[in-house]
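Position chain H against the provided structure of chain Z, taking the given hints into account.
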Amino acid sequence: MALTKIWVLAEASDGKVSTSTLELLTKARSLAGTVEAIYFGGDADAIAGQLGEYGASKVYTTGDLGGALPGVPVANAIAALIEGGNAPDAIVAATSYTGRDIAGRLSAKLDRTVITNNTDLEVDGDKLVTTEPVFGGSTDVKTTFTAAGPHLVLVRPKSFAAEPAGGGAAAVETIAVPDAGRSGGAKIVNRHVEERSGPSLDEAAIVVSGGRGLGEQDKFEMVEELAKLLNGAPGASRAIVDAGWVPYSYQVGQTGKVVKPTVYIAAGISGATQHMVGMKGSKNIIAINKDAEAPIFSVSDLGIVGDVHKVLPQLIEALKSR
Amino acid sequence: MNVVVCVKQIPDPADPGALDPSTKTLKRDGKLILDESDAYGVEMALQLVTNAGGGEVTLVSMAPNGEVSGLRTALAMGAAKAILVSDDALAGSDALATAKVLAKAIERVEGADLVLTATESSDGYTGTVPEQIAGLLDLPSVTFAKQIQIDGSTVKVQRQTEAGYDDVECPLPAVVSVTAGVVEPRYPSFKGIMAAKSKPVDTLTVADLGIDAGSVGWAGAGQSIVSIAEAPAREAGEVLEDDGAAFEKIVAYLDNLKVL
Chain Z
209 MALTKIWVLA
219 EASDGKVSTS
229 TLELLTKARS
239 LAGTVEAIYF
249 GGDADAIAGQ
259 LGEYGASKVY
269 TTGDLGGALP
279 GVPVANAIAA
289 LIEGGNAPDA
299 IVAATSYTGR
309 DIAGRLSAKL
319 DRTVITNNTD
329 LEVDGDKLVT
339 TEPVFGGSTD
349 VKTTFTAAGP
359 HLVLVRPKSF
369 AAEPAGGGAA
379 AVETIAVPDA
389 GRSGGAKIVN
399 RHVEERSGPS
409 LDEAAIVVSG
419 GRGLGEQDKF
429 EMVEELAKLL
439 NGAPGASRAI
449 VDAGWVPYSY
459 QVGQTGKVVK
469 PTVYIAAGIS
479 GATQHMVGMK
489 GSKNIIAINK
499 DAEAPIFSVS
509 DLGIVGDVHK
519 VLPQLIEALK
529 SR
Chain H
26 MNVVVCVKQI
36 PDPADPGALD
46 PSTKTLKRDG
56 KLILDESDAY
66 GVEMALQLVT
76 NAGGGEVTLV
86 SMAPNGEVSG
96 LRTALAMGAA
106 KAILVSDDAL
116 AGSDALATAK
126 VLAKAIERVE
136 GADLVLTATE
146 SSDGYTGTVP
156 EQIAGLLDLP
166 SVTFAKQIQI
176 DGSTVKVQRQ
186 TEAGYDDVEC
196 PLPAVVSVTA
206 GVVEPRYPSF
216 KGIMAAKSKP
226 VDTLTVADLG
236 IDAGSVGWAG
246 AGQSIVSIAE
256 APAREAGEVL
266 EDDGAAFEKI
276 VAYLDNLKVL
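If you read the protein sequences in the order shown, they are chains Z and H. With our numbering, you'll find the first sequence wraps up at 530, consecutive numbering, no jumps. With our numbering, you'll find the second sequence wraps up at 285, consecutive numbering, no jumps.
FYI, nobody ran anything at the bench for these hints, they're computed from the structure.
Subject to a maximum C-alpha distance of 27 Å in a straight line, what follows is the list of computed DSSO-like cross-link-like pairs (lysine-lysine):
| no. | chain 1 | residue 1 | chain 2 | residue 2 |
| --- | --- | --- | --- | --- |
| 1 | Z | K491 | Z | K366 |
| 2 | Z | K498 | Z | K468 |
| 3 | Z | K427 | Z | K498 |
| 4 | Z | K266 | Z | K213 |
| 5 | Z | K518 | H | K283 |
| 6 | Z | K366 | H | K283 |
| 7 | Z | K518 | Z | K491 |
| 8 | H | K129 | H | K181 |
| 9 | Z | K335 | Z | K366 |
| 10 | Z | K491 | Z | K528 |
| 11 | H | K181 | Z | K395 |
| 12 | Z | K468 | Z | K491 |
| 13 | Z | K518 | Z | K436 |
| 14 | Z | K335 | H | K49 |
| 15 | H | K274 | Z | K436 |
| 16 | Z | K518 | Z | K528 |
| 17 | H | K222 | H | K106 |
| 18 | H | K129 | Z | K317 |
| 19 | H | K171 | Z | K366 |
| 20 | H | K171 | Z | K436 |
| 21 | H | K274 | Z | K427 |
| 22 | Z | K335 | Z | K213 |
| 23 | H | K181 | Z | K317 |
| 24 | H | K283 | Z | K528 |
| 25 | Z | K498 | H | K274 |
| 26 | Z | K224 | Z | K468 |
| 27 | H | K171 | Z | K427 |
| 28 | Z | K468 | H | K283 |
| 29 | H | K283 | Z | K491 |
| 30 | Z | K491 | H | K274 |
| 31 | H | K106 | H | K56 |
| 32 | H | K274 | Z | K518 |
| 33 | Z | K498 | Z | K518 |
| 34 | Z | K436 | H | K283 |
| 35 | Z | K468 | H | K274 |
| 36 | H | K274 | Z | K528 |
| 37 | H | K129 | H | K56 |
Now the in silico label distances, taken between C-beta atoms and shown as ranges:
| no. | chain 1 | residue 1 | chain 2 | residue 2 | range |
| --- | --- | --- | --- | --- | --- |
| 38 | Z | G257 | H | E255 | 40 to 48 Å |
| 39 | H | W243 | Z | Q425 | 40 to 48 Å |
| 40 | H | E61 | Z | S221 | 27 to 35 Å |
Yeah, the Cβ is synthetic: ideal placement off N, Cα and C, and Gly gets one too.
Excised from the complex, chain Z in its bound form (with noise of 0.2 Å):
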């Protein structure tokens, strides 16, 4: 058995769909016998060959939105599309600051439950069921919904690998987004991009993380200089974050990014669960940690109990001369 239908919510930035998208796509395919896109955007035509490429047959757009936040227009031009009959079983978003957005308010406008943080999803019989994580990715909590559809589902990234199916261009729809009134009232008048000189965290295949050991905020700098001779992304322990050293899109764990690199390099950082569901997923994991007992060494493959004070600054001068 398998659903009718799934809408995943797409993303995109430069006309480029993004990786959690293309996941989101492909899991969704196995799912279902047909998978359309919701996307909310002005270049629609520009990515409706990637959507399809990975199994939607047909792109919802609500075109440009203007500047304003997408949560509360996409989510009324979503409902919209519903209440005129064209409900699939589930709609499936990609844990991100606007899937997050969008799967709340329509969440509350469909009166409807959303599943979120999940890792796997399934139907048995009819039903669709989905994984999370709890404890620090020590236990897998399987659920499934008991009242009436759609679903609303939200996928953590990098919970599936993306592969193309070879279908044609998706077919583009426009649709009408509905009046917000009041709750539409927040406008984007700014964006800034950080300048960034290596991969990001979500794509990096070196991460090196800094928790609490680095004991201040300057020596988060060793973090950095390590990642880039590296070509990785620095990312952050969620202590780190809390205090201020750095901004919350450093943040791995269970608030905060999921990362899967080839190596993650944890120093400083003793292995809370909010941090190990965020990394306990890398192929190879390194942790410098000066407290033996530290739970980050029951996940490492290389364990090294010393201060990182010294061995970050002797593993630096070692690659620099390399």
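For chain H alone, coordinates are given in the frame of chain Z:
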């Protein structure tokens, strides 16, 4: 300026969590504390009220067993009063039911200009409640705020994005969720702790809020747990003491993976 802050009282993250085998939900029967994520919203609210030169901060929370210890922490920081919704009918509530309860409680606060929340709670971390509250109250919203300024009847927010941040402007009243690290939460003073003991906490039931008990808790959840299983464990590898040359081990390890 009157600010409502939604706060959650959670089991101490220092204690390992556990699922109740009969109900399959997180055990929440021990002492609860203020979610650290919420201290940023409380601090931000206190600063906004001070900058505005008047007004007050009201806390809104939902917790079992009339739990107030986390609320007392936020009251000690300087919030004026709190509304606590506590009712056995709420056990098993999902994020949407939680938002319904908090939205009804927020409606009871007169003259609220702004509702602040954390980005997500530390124990449930769905991250959808702020938008669900805004949707139910038909208010505009801005999520993932890393900086907030009030300019007349507009809230100006630096909103975290994948690429950096966006400047977002939104008319008040509005719901704004704040990321951690946005401000440095104050520690309650001794005077604050003493004063908090006599600050009003209005404890309400689902019926007080005019909510149908069947739309919240287990009855209204719209989802059920199929199974709970241990995830495949990752094997621990080699662990060695740094003898001054451990960095060479790391270089050799990276070399072996051909990533250098």
